[in-house]
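First to last, the sequence lines map onto chains A and B. Each residue of the first sequence is one higher than the one before, counting from 1 in the working numbering. Each residue of the second sequence is one higher than the one before, counting from 1001 in the working numbering.
If you're looking for bench data, these hints aren't it; they were derived computationally from the structure. Remember, it's a predicted structure, so these values are computed and weren't measured experimentally. For each residue, glycine too, the CB sits at the ideal point set by N, CA and C. Treat the hints with care, as some may be off.
[To be verified] Label-pair restraints from in silico Cβ distances: (1) E1034(B) x D144(A): 20 to 30 Å; (2) P44(A) x K1053(B): 18 to 28 Å; (3) E145(A) x E1038(B): 32 to 42 Å; (4) T168(A) x I1030(B): 29 to 39 Å; (5) P103(A) x G1050(B): 17 to 27 Å; (6) N1047(B) x G71(A): 34 to 44 Å; (7) V119(A) x K1044(B): 41 to 51 Å; (8) K1053(B) x T143(A): 13 to 23 Å; (9) E53(A) x I1030(B): 19 to 29 Å; (10) N1047(B) x N70(A): 39 to 49 Å; (11) G1050(B) x K43(A): 38 to 48 Å; (12) S156(A) x K1053(B): 22 to 32 Å; (13) K43(A) x K1053(B): 20 to 30 Å; (14) K1044(B) x P44(A): 31 to 41 Å.
[As the list claims (entries may be wrong)] Distance condition first, Cα-Cα at most 30 Å in a straight line; then the derived DSS-like pairs of lysine-lysine: (15) K167(A) x K1044(B); (16) K1053(B) x K126(A); (17) K1045(B) x K116(A); (18) K96(A) x K1045(B); (19) K1045(B) x K126(A); (20) K1053(B) x K157(A); (21) K116(A) x K1053(B); (22) K165(A) x K96(A); (23) K1053(B) x K167(A); (24) K165(A) x K1045(B); (25) K167(A) x K1045(B); (26) K1044(B) x K157(A); (27) K165(A) x K1053(B); (28) K96(A) x K1044(B); (29) K42(A) x K1045(B).
This is what each chain is made of:
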Amino acid sequence: MNLIFSFISKGNHPYIYVDMENHTYSVLQIDTHIFEFLSAGKKPIIKRILFTEMDTPGFYNLALGSIIRNGIIDYRDESNNGDIIRIFSTIVICIKIFTERFPECIIFFKGNTEQKTRVYNEILRKYYIDFLTEFAIFGVSITDENITTAEEFSVSKTYSGFLVKRKTK
Amino acid sequence: MSIASKKTAENKADSRERSQKKVAATDRNIGLSEKIEEANLLIKKLNNPGLLK
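Bound-form chain B, shown alone:
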């Protein structure tokens, strides 16, 4: 493999890795924020959190 084609392959791999990292950030999560909000409310209202320590 020539140096140029090796460089191209490396660049492609870098680009693939970058795009994979972006996946989670760009995902569209339907219904997730409502779920987390509900869970946050429940946990904040927990009257005996000491039990879990």
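Extracted from the complex, chain A is given alone in its bound form:
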């Protein structure tokens, strides 16, 4: 209970997304690039989603971490909290909020383990039609010659990472 309270009462934030239908977790926007939510799976874990501008202009890396202690965020974490689909849906909400502010940006994300990347592939295969109404999705593959290539997301393929861009209205 204390954990939930401290999470909600962290201060004056510009954006709080509350999902009334419980498809996602409620999200607190800490600043333009940082979001936090409480993963209520097997155990309560405060998760952070961080968008970081990459060396290539216009590209942002999306990283998901767990706040393990105040001010310490572990981005290697494999919490396996049993709520991956709800977490992924929450990531989508954060992408929506972030790209409302930065509509031209391209977001890159991948799982921090092969297993998580595989799960992201499975979830995207299942839900990408919903996602396509607002976003263009590209799958990223690495060839045997160590070349990275992107292509429009295909349900029949498994990708090493993903690129997402808001569709222009």
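Chain B: place on chain A using the hints.
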């Protein structure tokens, strides 16, 4: 509320706001730089960036 206590409350609020702003800057991010480095390498090696425009 007296002027002095009002001033103290304002100062506390300012201080709280300043410390909140510092949070992101002072966070210890484990594994983040490796993740970003890996992502940067992948994107730099992208052979068809034009597809994303």
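Cross-check of the supplied hints:
The beta-carbon spacing between E1034(B) and D144(A), approximately 24 Å, falls within the hinted interval of 20 to 30 Å. For the pair P44(A) and K1053(B), the supplied restraint of 18 to 28 Å is violated, since their beta-carbon distance comes to about 42 Å. Roughly 18 Å separates the CB atoms of E145(A) and E1038(B), a value that falls outside the hinted 32 to 42 Å. Our hint of 29 to 39 Å for T168(A) and I1030(B) holds, since their Cβ atoms are close to 37 Å apart.
Between P103(A) and G1050(B) the beta carbons are some 19 Å apart, a value that agrees with the proposed interval 17 to 27 Å. At about 40 Å, the beta-carbon gap between N1047(B) and G71(A) stays in the expected band of 34 to 44 Å. About 26 Å separates the C-beta atoms of V119(A) and K1044(B), a value inconsistent with the hinted range of 41 to 51 Å. One distance hint, 13 to 23 Å for the beta-carbon pair K1053(B) and T143(A), holds here, with the actual separation near 22 Å.
Roughly 20 Å separates the CB atoms of E53(A) and I1030(B), a value that falls within the hinted 19 to 29 Å. Taking 39 to 49 Å as the suggested C-beta distance range, the pair N1047(B) and N70(A) conforms, at roughly 43 Å. As the Cβ distance of G1050(B) to K43(A) is approximately 45 Å, the hint placing it in 38 to 48 Å holds. The hinted window of 22 to 32 Å between S156(A) and K1053(B) holds, with their beta carbons roughly 25 Å apart.
K43(A) and K1053(B) have their C-beta atoms about 43 Å apart, which leaves the hinted 20 to 30 Å range violated. As the Cβ distance of K1044(B) to P44(A) is approximately 38 Å, the hint placing it in 31 to 41 Å holds. Taken as a hint, the K167(A) and K1044(B) pair is honoured in the structure, with Cα atoms around 23 Å apart against an allowance of 30 Å. Annotation: proposed proximity of K1053(B) to K126(A) holds, straight-line Cα distance about 25 Å (limit 30 Å).
Annotation: proposed proximity of K1045(B) to K116(A) holds, straight-line Cα distance about 23 Å (limit 30 Å). Among the hinted pairs, K96(A) with K1045(B) is consistent with the structure: their alpha-carbon atoms are about 27 Å apart, no more than 30 Å. For a cut-off of 30 Å, the pair hint linking K1045(B) to K126(A) stands: about 29 Å separates their Cα positions. Annotation: proposed proximity of K1053(B) to K157(A) holds, straight-line Cα distance about 22 Å (limit 30 Å).
A distance of roughly 28 Å separates the Cα atoms of K116(A) and K1053(B); the hinted pair therefore holds under the 30 Å criterion. Taking the CA atoms of K165(A) and K96(A), the gap is about 10 Å. The hint holds against a cut of 30 Å. For the proposed pair K1053(B) and K167(A), the alpha carbon gap of about 11 Å is at most 30 Å, so the pair holds. Taking the CA atoms of K165(A) and K1045(B), the gap is near 19 Å; set against the 30 Å cutoff, the hint holds.
For the hint linking K167(A) to K1045(B), the alpha-carbon distance of about 24 Å falls within 30 Å, and the restraint holds. Using a Cα cut-off of 30 Å, the hinted pair K1044(B) and K157(A) holds, with the two alpha carbons roughly 22 Å apart. As the CA atoms of K165(A) and K1053(B) are separated by approximately 9 Å, the hinted pair is consistent with the 30 Å bound. The hinted pair formed by K96(A) and K1044(B) meets the criterion: a straight-line CA distance of about 25 Å does not exceed 30 Å.
For a cut-off of 30 Å, the pair hint linking K42(A) to K1045(B) is broken: about 39 Å separates their Cα positions.
Hint check: violations occur at hints 2, 3, 7, 13, 29; the rest are consistent with the structure.
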